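**Q** Residues per chain, in single letters:
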Amino acid sequence: MTTTETAPSPRALARQRRRASVARFWRQYRSERAGLYGLTALSLCALLALFAPLFVGSDVSSVTDAPGRPMQSPSTEFPLGTDQFGRDLLGLVIWGSRVSLLVGLLAAVLSVAIGTLIGVTAGHFKGWYATVMMRITDWFLVMPTLVLAIALATVMSRSLTTTVVAIGVTTWPTTARLVRAQTLAVETRPYIERAQALGGGHWHIMSRHVLPNVMPLVLAQTTLIISSAILAEATLAFLGLGDPTVVSWGGLLQDAREAGAVSSGDWWYLVPPGIAIAVVALAFTLCGRAVESVLNPRLGVSR
Amino acid sequence: MTADATPALVEDEQRTAAGPRVRRGSAYPRYLAGKVAGAAVSLLAVLVTSFFLFRLIPGDPVKTMTGGRQVSAEQLAAYREEFGLDLPLWRQFTDYCGKALTGDFGTSYQFRAPVVDKITEALPNTLLLTGTAFVLYTALGIFLGTRSAWRHGKLGDRVNTGLALTLYSIPSFWLGLLLIIVLSVGIGPLPGMFPTGGMESGGEEGFAYVLDVAHHLVLPVVTLVAVEYGQTLLVTRSALLDEMGSDYLTTARAKGLRDDLVRRRHAVPNALLPTVTLIFINLGRTVAGVILVETVFSWPGLGGLFYQALSVPDLPLVQGLFFVFAAAVILMNTLADLVYPLLDPRVAR
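Going line by line, the protein sequences match chains D and W.
According to the numbering used here, the first sequence is numbered sequentially starting from 1.
According to the numbering used here, the second sequence is numbered sequentially starting from 1.
Isolated chain D (complex conformation):
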């Protein structure tokens, strides 16, 4: 067979294949009804968070020039009421979505990055390195994640970076386990042997052959971890371990509790931030489960 000028270059071919597999993925994803609900909810929340500055000014969290009187119940002027400083709660909840989503995303990315790095290397380099890495992973796996995150957040200064790091470095072990198992499976395939025979080094094999194969798994895992990261962020903020200078959903709940909203029965202060957390966490979980069952048809029955 002779190569003709019309034959596509390898790069174009790869791009074409990638496009085809994305299209196939989307076709299957569309048939997951719960996944579509989750995706819709997420898109709305993301748009709301991105365009929040258009609806509410950045002075929404300012205590000094609050528009209303303290602790007003919902009215036409303040649809969700006001907090103990007279700030508009609707504005605060919308503004809080930015921090909650951002921290959730960053923490999940950090967690999955660590997990993937350790998983791929532990699967690729066998021997003592893998043994040590897997012992560390197992140890993190049995630790109560939140207790460790709380401990980390306690010893570091209060900031968003602290929250992201505390969540990121405590939630990676499940990803590491999954990725390692997948790496081991991929590395038994003949084309890895071929790549080695052609002189491909460790880096080449891991980045060009193993990583693309574990990426789908990593994607599903990220979606699921974002959901727990958002919950963890809310929890840390509620325990008073978040950045006190920013508005987040968990922080709003802590404010509500400190303002005595519970004992005075001001349910309208507590309900919106909690619903926001639950909706976003649920949406990410639904998306993650849908991605998982598309990628792993054996799980398909369990949707």
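Hints may be right or wrong, so weigh each one.
Derived DEER-like restraints, expressed as beta-carbon distance ranges [stated by the list, open to error]:
(1) W:Pro29 x D:Leu117: 37 to 43 angstroms
(2) W:Gly103 x D:Arg30: 57 to 63 angstroms
(3) W:Gly34 x D:Ile275: 44 to 50 angstroms
(4) D:Ala181 x W:Thr120: 38 to 44 angstroms
(5) W:Arg258 x D:Pro74: 54 to 60 angstroms
(6) W:Pro124 x D:Ser159: 37 to 43 angstroms
Rough simulated footprint, nothing fancy, chain D against chain W, three-plus residues with beta-carbon under 8 angstroms [unchecked claim]:
(7) 33 to 47
(8) 162 to 171
(9) 176 to 183
(10) 284 to 293
(11) 307 to 314
(12) 325 to 332
Some, not all, of what chain W presents toward chain D, calculated at C-beta under 8 angstroms [unchecked claim]:
(13) Leu53
(14) Phe54
(15) Gly186
(16) Ile187
(17) Val318
(18) Phe322
Derived from the structure by calculation, the hints contain no laboratory data.
All figures in this text were calculated on a predicted structure; none of them were measured in a lab.
Glycine residues also receive a C-beta, built at the ideal position from the N, C-alpha and C atoms.
Given chain D's structure and the hints, the job is docking chain W onto it.
**A** Using the frame of chain D, we list chain W on its own:
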């Protein structure tokens, strides 16, 4: 099944050929020793972590302790000596480990009482709350998970899974606060039916005391069960779905067994095997739930104590509680590992 059995048979035959036949049961002691040793190493690692993690804290613990009050240099030195903070770090470490092994975690800055005393005081309360919730959510999760899987795809299953996923996504502390508002404080015409927090009203004796504690226990337990049962439900459901297509179930049905018996006697026992491990692995999440629920309901347990210790921060107490939480999860996991081969003899081999 046969494909699985054949290599094992071959292996057995080879063993017989090579030497005296190894009995299946004899693998258990070695398995047991391995698991116990692993747990001991983990506990040691937790001990080391609990020491160094809390030494990373910026600033002077003595300054935190005095809370910004004006204190003379002599007083500061006295505090340092009292809490052993004047020694070099490695001495502090060896002291800490040595004492921890005998159960001594130092003195709480905040309560001026031994950490161990505070912990043993709060432990029974936490065990009562966690134990009750654990039994209930495991039972509920397994029951609903089984039903869901047996009728998967039907409306009941969809409602069940949807509800479980929703409750699973709800922050436990938020649910607790809402329950307090609705059922304790009372909302609109609804009177408060449950106490807002704590464990007892005080002044009760005997049976009335038991009832009083149970009354206080209701809301915290409901909160914990609501946020935790979803996980058990999903795990049970997918484990049972894995078994659904198995040949032995077809055989059981072909024998003419009732559907109910096929499920209870054949499918569920097999599906429970993976479920047991996962229930225990997920205990870490329950610990987190307990901390929050106890904080919200002012339950006088370890979780509430942890929250109090965090707000100071009272390092020896945080350290001790950190160790207790981690140790509890490790112990429960080891226990699950030890029980597991009794349920499924294939594991220990």
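**Q** Which of the stated hints cannot be reconciled with the structure, identified by number in ascending sequence?
**A** Structure breaks no hint.
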